[in-house]
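Colleague: Here the protein sequences come in this chain order: A and B. Sequential numbering of the first sequence, starting at 1, is according to UniProt numbering. Sequential numbering of the second sequence, starting at 1, is according to UniProt numbering.
In short, the hints are calculated from the structure, not lab data. Be careful, since some hints might not be right.
What the hints assert, rightly or not - List of simulated lysine-lysine pairs, DSS-like, C-alpha gap at most 30 Å:
id: 1; chain 1: B; residue 1: 114; chain 2: A; residue 2: 80
id: 2; chain 1: B; residue 1: 108; chain 2: A; residue 2: 60
id: 3; chain 1: A; residue 1: 80; chain 2: A; residue 2: 60
id: 4; chain 1: A; residue 1: 60; chain 2: B; residue 2: 114
id: 5; chain 1: A; residue 1: 34; chain 2: A; residue 2: 53
id: 6; chain 1: B; residue 1: 142; chain 2: B; residue 2: 155
id: 7; chain 1: A; residue 1: 80; chain 2: A; residue 2: 34
id: 8; chain 1: A; residue 1: 60; chain 2: A; residue 2: 74
id: 9; chain 1: A; residue 1: 30; chain 2: B; residue 2: 155
id: 10; chain 1: B; residue 1: 114; chain 2: A; residue 2: 74
Unchecked claim - Looking from chain A toward chain B, a few residues come up when the C-beta cut is under 10 Å (computed):
id: 11; residue: 25
id: 12; residue: 41
id: 13; residue: 66
id: 14; residue: 72
id: 15; residue: 73
id: 16; residue: 93
id: 17; residue: 95
C-beta atoms are modelled at their ideal positions from N, C-alpha and C, and glycine is treated no differently.
Each chain, letter by letter, is given below.
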Amino acid sequence: MRQAGTYSGILSGGISGKTGPHLLPLARIKKIMKKSGEDVKMISGESPIVFSKACELFIKELTQRSWMVTMQGKRRTLNKEDVASAVMVTDLFDFLVNLVSESGHSGEAPPPLELDTFTSS
Amino acid sequence: MERGDEFSRFPKLAKSNSGLGIIQHGDSSNSINNVNNIFNITDNVSNAGNIFNITDNASNAGNISDTSNTNAVSTMPPPGPVLREQDQYMPIANVIRIMRRILPPHAKISDEAKETIQECVSEFISFITGEANERCQSEQRKTVTAEDILCAMGKLGFDDYMEPLTVYLTRYRQSENERTSLRGDTFLKRGNAYGPMMMPPHGVAPFNAGFQEGTTDATSAAARAIMGGYNHGAPPGGAAGSSSQQAPFGNNLDPFDVFK
Numbered sequence: 001m002r003q004a005g006t007y008s009g010i011l012s013g014g015i016s017g018k019t020g021p022h023l024l025p026l027a028r029i030k031k032i033m034k035k036s037g038e039d040v041k042m043i044s045g046e047s048p049i050v051f052s053k054a055c056e057l058f059i060k061e062l063t064q065r066s067w068m069v070t071m072q073g074k075r076r077t078l079n080k081e082d083v084a085s086a087v088m089v090t091d092l093f094d095f096l097v098n099l100v101s102e103s104g105h106s107g108e109a110p111p112p113l114e115l116d117t118f119t120s121s
Numbered sequence: 001m002e003r004g005d006e007f008s009r010f011p012k013l014a015k016s017n018s019g020l021g022i023i024q025h026g027d028s029s030n031s032i033n034n035v036n037n038i039f040n041i042t043d044n045v046s047n048a049g050n051i052f053n054i055t056d057n058a059s060n061a062g063n064i065s066d067t068s069n070t071n072a073v074s075t076m077p078p079p080g081p082v083l084r085e086q087d088q089y090m091p092i093a094n095v096i097r098i099m100r101r102i103l104p105p106h107a108k109i110s111d112e113a114k115e116t117i118q119e120c121v122s123e124f125i126s127f128i129t130g131e132a133n134e135r136c137q138s139e140q141r142k143t144v145t146a147e148d149i150l151c152a153m154g155k156l157g158f159d160d161y162m163e164p165l166t167v168y169l170t171r172y173r174q175s176e177n178e179r180t181s182l183r184g185d186t187f188l189k190r191g192n193a194y195g196p197m198m199m200p201p202h203g204v205a206p207f208n209a210g211f212q213e214g215t216t217d218a219t220s221a222a223a224r225a226i227m228g229g230y231n232h233g234a235p236p237g238g239a240a241g242s243s244s245q246q247a248p249f250g251n252n253l254d255p256f257d258v259f260k
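Bound-form chain A, shown alone (with noise of 0.2 Å):
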């Protein structure tokens, strides 16, 4: 994480600069949050915010994780393959991995309620 300059943080707000501006777009992220059932009828304003951020360590993440794949291949472009692999190898990426294994289209990946159960940390 980015640390704020010694006086540009502090004398600016005290917090790196206050929290924006933000990495991903808060319109989209409601609409992503929107369309995904029928019944999300009302979204905070602070919602998308969190997202925004969430987002942002879970791209980090999971680019982490598709890296570590592409270097044990001694290899220096990560393609889709590893970040299936990646997928594949986390318990928590479980809900990707109809995602990651249709090449293309994005199916609506089942609740992973049953491995929840089996893999509680």
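Guided by the hints, dock chain B onto chain A, whose structure is given.
Modeller: Positioned in the frame of chain A, the structure of chain B alone reads:
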């Protein structure tokens, strides 16, 4: 007539980045169809007064579809997928930017991998939102809040994310409070949230000089945050409390010299 004028009567919907102003969801599609009917009518009906009677006088609306249903779909194509493909995903440039932050500089990313991760992000959002929404509904609430999202993440195995997100949310709320009110007191309670980060280097004397009890502008509030929960009501106690929390100021610099 500008297209935009008519739309102001209908519920405002989020603009997509790609410029398409209107997105259809459920019931609002009828409203848009009626608007299109209006446009068709102005071309073909001499009496402008009929515009507002369209739904009652389907016979006047010669250009609407042939069904007698007054809510008939007109010349608009059937809704189909609710969002266009690029609106379903995070912009790929943003995704790539985040990826590059943690990849080594020489790393390359295939286009397919970029798209896959883009899709995974959207799936992640849907996944978490679904769980959060379920929780909301079971508690008979209509609005999905940030707390719901955090709980959903914890439940679905993303508990490692909860702490940084909680910190992030707290900071955001406090910066919003700063903007809207003058109270800086909220910083005091959250001092430990800033513990590992707010370690001013030695020799940051100006903040002592500028620090005044009772001022609440951003600079002093930030200085208070840096002090780590300094309680302006009781300097000795505050100093003892916060120094135990941020021990390594070293022997040279004691930020509370001014107040002893």
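Colleague: With reference to the structure, classify each hint as holding or not holding.
Modeller: Results of checking the hints against the structure:
A C-alpha spacing of about 8 Å is found between residue 114 (chain B) and residue 80 (chain A), which places the hinted pair at or below 30 Å, so the restraint holds. Our distance criterion of 30 Å between C-alpha atoms is met by residue 108 (chain B) and residue 60 (chain A), whose separation comes to about 15 Å. Our distance criterion of 30 Å between C-alpha atoms is met by residue 80 (chain A) and residue 60 (chain A), whose separation comes to about 16 Å. Between residue 60 (chain A) and residue 114 (chain B) the CA atoms are separated by roughly 13 Å; this keeps the pair inside 30 Å, and the hint holds.
Restraint check for residue 34 (chain A) and residue 53 (chain A): the C-alpha separation of about 18 Å stays at or below 30 Å, so the hint holds. For the hint pairing residue 142 (chain B) with residue 155 (chain B), the CA-to-CA distance comes to about 20 Å; that is within 30 Å, so the pair holds. For the hint pairing residue 80 (chain A) with residue 34 (chain A), the CA-to-CA distance comes to about 28 Å; that is within 30 Å, so the pair holds. For the suggested pair residue 60 (chain A) and residue 74 (chain A), the alpha carbons sit about 21 Å apart, so the restraint of at most 30 Å is met.
In summary, the hint linking residue 30 (chain A) to residue 155 (chain B) is supported, as the alpha carbons are separated by about 21 Å, within the 30 Å threshold. Among the hinted pairs, residue 114 (chain B) with residue 74 (chain A) is consistent with the structure: their alpha-carbon atoms are about 20 Å apart, no more than 30 Å. Given the 10 Å rule on beta carbons, the hint for residue 25 (chain A) holds: about 6 Å separates it from the nearest Cβ of chain B. Below 10 Å, beta-carbon pairs count as interface contacts, and residue 41 (chain A) has one with chain B at about 5 Å; its hint therefore holds.
The criterion of a C-beta within 10 Å of any C-beta in chain B is met by residue 66 (chain A), whose closest approach is roughly 7 Å, and the hint holds. At its closest, the beta carbon of residue 72 (chain A) sits 14 Å from a beta carbon of chain B; the interface hint therefore is violated under the 10 Å criterion. The beta carbon of residue 73 (chain A) is not positioned within 10 Å of any beta carbon in chain B (closest approach about 13 Å), and the interface hint is therefore violated. At its closest, the beta carbon of residue 93 (chain A) sits 8 Å from a beta carbon of chain B; the interface hint therefore holds under the 10 Å criterion.
Among the interface hints, the one on residue 95 (chain A) holds; its C-beta lies about 5 Å from the nearest C-beta in chain B, closer than the 10 Å criterion.
Going down the numbered hints, you'll see the structure goes against 14, 15, while the others check out.
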